[in-house]
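Novice: The lines below spell out each chain.
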Amino acid sequence: MIQIRDLLIERNELKVLQVDSLEIPRGETLAVVGPNGAGKSTLLLALARLLHPSRGEILFNGKSLRNWDELEYRRKISFVFQAPLLMDMTVEQNVALGLKFRGLPKQEISQRAGKWMKQLGVEALSKRRAGQLSGGEAQRVSLARALVLEPELLLLDEPFSALDPPTRAKLIDDLSTLLKAHQRTAVFVTHNLNEAATLSHRIAVLVGGVLRQVGTAGQIKANPADETVAAFLHELPQ
Amino acid sequence: MTEIFEITILSIQVSAIATVISLMIGLPFGTWLALGNFRGRSFILSVINTGMALPPVVVGLVVAILLWRSGPLGNLRLIYTPVAIIIAQTIIAAPVVTGLTAAALEALDPRLQQQLLGLGASRGQMVWYLWREARLPLLAALMAGFGSVISEVGASMMVGGNIRGQTRVLTTAIVLETSKGEFGQALALSTLLLVLTYLINLALTWIQQRGRKADWHSSRGTPSISRN
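Sequence lines, in order, name chains A and B.
For what it's worth, our numbering labels the leading residue of the first sequence as 1, then goes sequentially.
For what it's worth, our numbering labels the leading residue of the second sequence as 1, then goes sequentially.
Worth double-checking, as some hints may not be accurate.
What the hints assert, rightly or not - Ranges between beta-carbon positions, derived for each pair:
{"hint": "1", "chain 1": "A", "residue 1": "165", "chain 2": "B", "residue 2": "24", "range": "49 to 55 Å"}
{"hint": "2", "chain 1": "A", "residue 1": "67", "chain 2": "B", "residue 2": "76", "range": "48 to 54 Å"}
{"hint": "3", "chain 1": "B", "residue 1": "61", "chain 2": "A", "residue 2": "57", "range": "55 to 61 Å"}
{"hint": "4", "chain 1": "B", "residue 1": "135", "chain 2": "A", "residue 2": "66", "range": "34 to 40 Å"}
{"hint": "5", "chain 1": "A", "residue 1": "62", "chain 2": "B", "residue 2": "123", "range": "24 to 30 Å"}
{"hint": "6", "chain 1": "B", "residue 1": "195", "chain 2": "A", "residue 2": "121", "range": "49 to 55 Å"}
As the list claims (entries may be wrong) - Which bits of chain B does chain A cover? Going by a derived footprint, with three or more residues having C-beta under 8 Å, they are:
{"hint": "7", "segment": "103-114"}
{"hint": "8", "segment": "125-139"}
Stated by the list, open to error - Over the 12 Å line for every Cβ pair with chain A, so calculated as not near, a few chain B residues:
{"hint": "9", "residue": "3"}
{"hint": "10", "residue": "50"}
{"hint": "11", "residue": "55"}
{"hint": "12", "residue": "64"}
Calculated from the structure, these hints are not laboratory results.
Using N, Cα and C, we set each Cβ at its ideal position, and we do this for glycine too.
Could you build all of it, start to finish, from the sequences and the hints given here?
Specialist: Next up, the structure:
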């Protein structure tokens with residue numbers, strides 16, 4: 001579904017991300033781990049076509065992102081940031097936002113928003129305004145807002161990092177169940193190897209802006225590709 | 001009494017039209033400055049910020065030179081007309097609206113743009129929702145723009161000429177009455193101007209604060225916890 005070939009992204013003529021080759025098949029959840037500044041968020045922004053590569057290409061369903069109509073492509077994906085970034089409106093309006101952008105009929109918007117608010121356990125908050133939600137509630141709304149679009153590709157940039165451990169664990173469980181049930185393709189950035197192992201099929205390790213290794217949690221732990229990967233794994237919360 | 005009524009209506013008309021034109025210029029231009037990432041952006045912003053403190057008499061002088069019968073736009077015969085006052089007031093208000101629009105949008109979380117695009121918004125939808133998110137400071141920009149023109153006198157005097165029944169507005173009428181020593185009349189007009197300004201700003205403030213009240217009502221009985 002996603003193929004990355006010889007990708008190089010530079011900022012101010014400095015290399016921030018280099019991925020020689022990476023494939024993400026349909027239905028797979030790929031976790032991206034790496035230290036701060038490793039290029040994890042840059043990879044997600046490039047996959048969302050919100051950043052343009054200096055070299056190489058990303059293919060989506062066999063077609064280079066350069067050849068996709070920008071809006072058409074962005075409407076096949078959805079993005080969840082670390083901060084919920086909810087709009088100053090009710091929970092229901094927030095969840096419906098992406099559907100409204102797509103110009104769907106009101107009845108369908110309402111039905112789908114209701115379904116996904118229920119799936120994420122925020123149905124009871126539907127009339128509450130975003131500013132009145134707790135951190136965990138806001139992040140659930142943010143996930144509902146992305147999942148309601150039923151995107152072909154879901155991009156998640158450390159969506160749980162600001163949450164307390166119990167809220168985090170519950171939300172990871174819920175998201176894991178949803179991703180498996182709906183066979184969504186997802187790329188998920190995290191600092192936590194346990195989270196990565198729980199949510200993903202495979203893990204990609206980025207260090208110093210370079211993709212060093214891709215494999216299952218067990219493979220990476222047992223056989224780190226190089227010293228930088230081993231050193232990074234050693235410092236990770238287990 | 002009829003004359004005061006006419007002066008008041010003309011004051012509202014020219015300042016309202018100038019504010020609306022300023023909004024039509026300042027809102028897109030301020031948005032472009034806030035969201036753009038291009039060479040010279042900081043320089044343009046500094047010019048706009050300087051323009052926010054543009055002395056009305058300087059604007060009046062420049063517009064008068066341009067519209068003067070022998071000036072480059074003299075053949076339009078606009079000098080000493082309400083249109084000339086509108087032009088001058090637009091030049092005064094546009095930088096205020098532009099600068100405050102840019103500041104309002106720059107104060108939003110910069111990731112909000114990416115979030116809206118990441119949810120499938122078109123560029124137009126993204127800008128609309130950013131405006132919606134910044135609606136309270138944007139309304140303040142509108143109020144500041146209107147405030148800067150309803151109260152100015154220098155430009156209106158210079159390009160309007162304070163002609164009775166044609167270009168006399170409240171501020172120029174106040175100056176005239178004061179120069180004649182008619183302080184009672186000047187004070188009455190000043191009070192009228194203050195009440196008028198207050199009423200218009202009251203209406204805009206009411207619109208601005210409606211959103212806040214809605215927030216407060218929806219939060220009654222629920223703990224208010226930061227969303228981040």
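Novice: How about the segment 125-139 of chain B: do at least three of its residues have a C-beta closer than 8 Å to a C-beta of chain A?
Specialist: Answer holds; 4 residues pass the 8 Å Cβ test.
Novice: Should the label of residue 50(B) as a non-interface residue stand, given a Cβ cut-off of 12 Å to chain A?
Specialist: Holds: least Cβ distance 29 Å, greater than 12 Å.
Novice: Is the claim that residue 3(B) lies outside the interface with chain A correct, judged by CB distances over 12 Å?
Specialist: The claim stands: residue 3(B) keeps its Cβ more than 12 Å from every Cβ of chain A (closest is about 47 Å).
Novice: Take the C-beta atom of residue 165(A) and the C-beta atom of residue 24(B), compute their distance, and say whether it sits inside 49 to 55 Å.
Specialist: Check passed, 52 Å falls within 49 to 55 Å.
Novice: Just tell me: holds or violated, for the beta carbon distance of residue 67(A) and residue 76(B) against 48 to 54 Å?
Specialist: Taking Cβ atoms as reference, residue 67(A) and residue 76(B) lie about 51 Å apart, which means the hint holds.
Novice: Beyond 12 Å from chain A, beta-carbon-wise, is residue 64(B)?
Specialist: Nearest chain A Cβ is 45 Å from residue 64(B), so the label holds.
Novice: Residue 55(B) clear of chain A by more than 12 Å, beta carbon to beta carbon?
Specialist: The assertion about residue 55(B) holds, with a minimum of 37 Å to chain A.
Novice: Is 55 to 61 Å respected by the C-beta to C-beta distance linking residue 61(B) and residue 57(A)?
Specialist: holds, 58 Å
Novice: Could one say that the CB atoms of residue 195(B) and residue 121(A) fall in the range 49 to 55 Å?
Specialist: holds, 54 Å
Novice: Is it true that the C-beta distance of residue 135(B) to residue 66(A) lies inside 34 to 40 Å, as the hint says?
Specialist: Given about 36 Å between the Cβ atoms, the range holds.
Novice: How about the segment 103-114 of chain B: do at least three of its residues have a C-beta closer than 8 Å to a C-beta of chain A?
Specialist: It holds: at least three residues are needed, and the segment 103-114 of chain B offers 4 whose Cβ sits within less than 8 Å of chain A.
Novice: For residue 62(A) and residue 123(B), compare the CB-CB distance with the range 24 to 30 Å and indicate the outcome.
Specialist: Given range 24 to 30 Å: holds, Cβ gap about 27 Å.
Of the numbered hints listed earlier, not one is contradicted by the structure.
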